[in-house]
Amino acid sequence: MTTRVLLQQIFNYLKNEYDVSDWWRNESALEICVGAILVQNTTWRQAHVALKQLITTGNLEINEIKKLDILILQKLIKPSGFYRTKANTLKGFVDLVSQSKDGTLKGLLSLDSENLRVSLLSVKGIGNETADDIILYAAHKPSFVVDKYSQRIFTRYGIQPTGSTYLKWQTLIHDNVDKDVLKFQEFHALLVRLGQDRCKTIPECVDCCLKSVCKTGLKNCM
DNA sequence: GGCCAGGACACCA
DNA sequence: TGGTGTCATGGC
Numbered sequence: 001m002t003t004r005v006l007l008q009q010i011f012n013y014l015k016n017e018y019d020v021s022d023w024w025r026n027e028s029a030l031e032i033c034v035g036a037i038l039v040q041n042t043t044w045r046q047a048h049v050a051l052k053q054l055i056t057t058g059n060l061e062i063n064e065i066k067k068l069d070i071l072i073l074q075k076l077i078k079p080s081g082f083y084r085t086k087a088n089t090l091k092g093f094v095d096l097v098s099q100s101k102d103g104t105l106k107g108l109l110s111l112d113s114e115n116l117r118v119s120l121l122s123v124k125g126i127g128n129e130t131a132d133d134i135i136l137y138a139a140h141k142p143s144f145v146v147d148k149y150s151q152r153i154f155t156r157y158g159i160q161p162t163g164s165t166y167l168k169w170q171t172l173i174h175d176n177v178d179k180d181v182l183k184f185q186e187f188h189a190l191l192v193r194l195g196q197d198r199c200k201t202i203p204e205c206v207d208c209c210l211k212s213v214c215k216t217g218l219k220n221c222m
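Numbering (this note's numbering), first residue to last: 1 to 222.
Be aware that one or more of the hints could be misleading.
In silico BS3-like cross-links for lysine-lysine, where the CA-CA straight-line distance does not exceed 25 Å [to be verified]: (1) K52 <-> K124; (2) K78 <-> K124; (3) K67 <-> K78; (4) K148 <-> K101; (5) K124 <-> K15; (6) K101 <-> K67; (7) K168 <-> K148; (8) K141 <-> K75; (9) K101 <-> K75; (10) K101 <-> K78; (11) K124 <-> K67; (12) K141 <-> K179; (13) K101 <-> K15; (14) K106 <-> K141; (15) K52 <-> K15; (16) K15 <-> K66.
Label pairs and their in silico Cβ distance ranges [claimed, not checked]: (17) D69 <-> Q9: 45 to 55 Å; (18) K52 <-> K15: 25 to 35 Å; (19) N12 <-> N63: 43 to 53 Å.
Calculated from the structure, these hints are not laboratory results.
Even glycine gets a Cβ: it sits at the ideal position worked out from N, Cα and C.
Please model the entire structure based on the sequences and the hints provided.
This is the structure:
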């Protein structure tokens, strides 16, 4: 079976199992960008609490974050953890927006994928995954988000690039999945859902995701 | 009380 | 280039 066919089978299986239609579809571009930073190494629940605090205090605006005292910003986003680091990253992000075309988020997101990626990665605290979250979900450009769930799940299926750097993973996916924004968004969301549901106790169960019922008796054992 | 969650970075060998 | 420690909160 080719990698392309296998990836399509995984996608089809997951699409039948999970509904991710509400995954970052109703949020504003700024909510997505800020959310992508806040969710780093934490759960979406915690990131959401922090995001809500920014919204309810009227601070989820580029200019508001820019002029907000760093200590207050840290306090607002504290529930998401790593609040000192993330506050600095948010400050760096809004500075980047200010320096972009028109000084607006729309201007920044209008850059082509490569330039947008380079710009985002220039901000301390924004790495590959966060940059791709922003490119895919906020800028609506086809750049696959290779998180640790994707890597772990694909590896279980024998799908692995030679040399497992982030960009090699991404190239592997780009070469074998239709480069479509909605499909990339859906596939990534489905992989996260599967990763969150996975059975952690039976590591030898490798291929059950393509079956409607896991051979171990545990649904979605990964 | 320990482990883990939708990372990123600095440092070191 | 790859491994490791650090940043930190909250749920289970």
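Status of each hint after checking the structure:
Restraint check for K52 and K124: the C-alpha separation of about 24 Å stays at or below 25 Å, so the hint holds. Taking the CA atoms of K78 and K124, the gap is near 19 Å; set against the 25 Å cutoff, the hint holds. A threshold of 25 Å between alpha carbons decides the hint, and for K67 with K78 the separation of about 18 Å falls inside it, so the pair holds. Of the supplied pair hints, the one linking K148 and K101 is violated, its CA atoms being roughly 33 Å apart against a limit of 25 Å.
Annotation: proposed proximity of K124 to K15 is violated, straight-line Cα distance about 35 Å (limit 25 Å). Annotation: proposed proximity of K101 to K67 holds, straight-line Cα distance about 20 Å (limit 25 Å). Under the criterion of a C-alpha separation no larger than 25 Å, the hint pairing K168 with K148 is consistent with the structure, at around 14 Å. Note on K141 and K75: the hinted pairing is violated, with a Cα-Cα distance of about 33 Å set against a maximum of 25 Å.
Taking the CA atoms of K101 and K75, the gap is near 31 Å; set against the 25 Å cutoff, the hint is violated. A hinted pair counts as satisfied when its Cα atoms are at most 25 Å apart, and K101 with K78 does not qualify at roughly 31 Å. As the CA atoms of K124 and K67 are separated by approximately 19 Å, the hinted pair is consistent with the 25 Å bound. Distance hint between K141 and K179 is fulfilled; the C-alpha atoms sit about 9 Å from each other, no more than 25 Å.
Under the criterion of a C-alpha separation no larger than 25 Å, the hint pairing K101 with K15 is inconsistent with the structure, at around 38 Å. Between K106 and K141 the CA atoms are separated by roughly 13 Å; this keeps the pair inside 25 Å, and the hint holds. Taking the CA atoms of K52 and K15, the gap is about 29 Å. The hint is violated against a cut of 25 Å. Proximity of K15 to K66 is assessed by CA-CA distance (about 40 Å); at most 25 Å being required, the pair is judged violated.
For the hinted restraint 45 to 55 Å between D69 and Q9, the CB-CB distance of approximately 52 Å keeps it satisfied. Against the hinted window of 25 to 35 Å, the Cβ-Cβ separation of K52 and K15 comes to about 30 Å, which satisfies the hint. Our hint of 43 to 53 Å for N12 and N63 holds, since their Cβ atoms are close to 45 Å apart.
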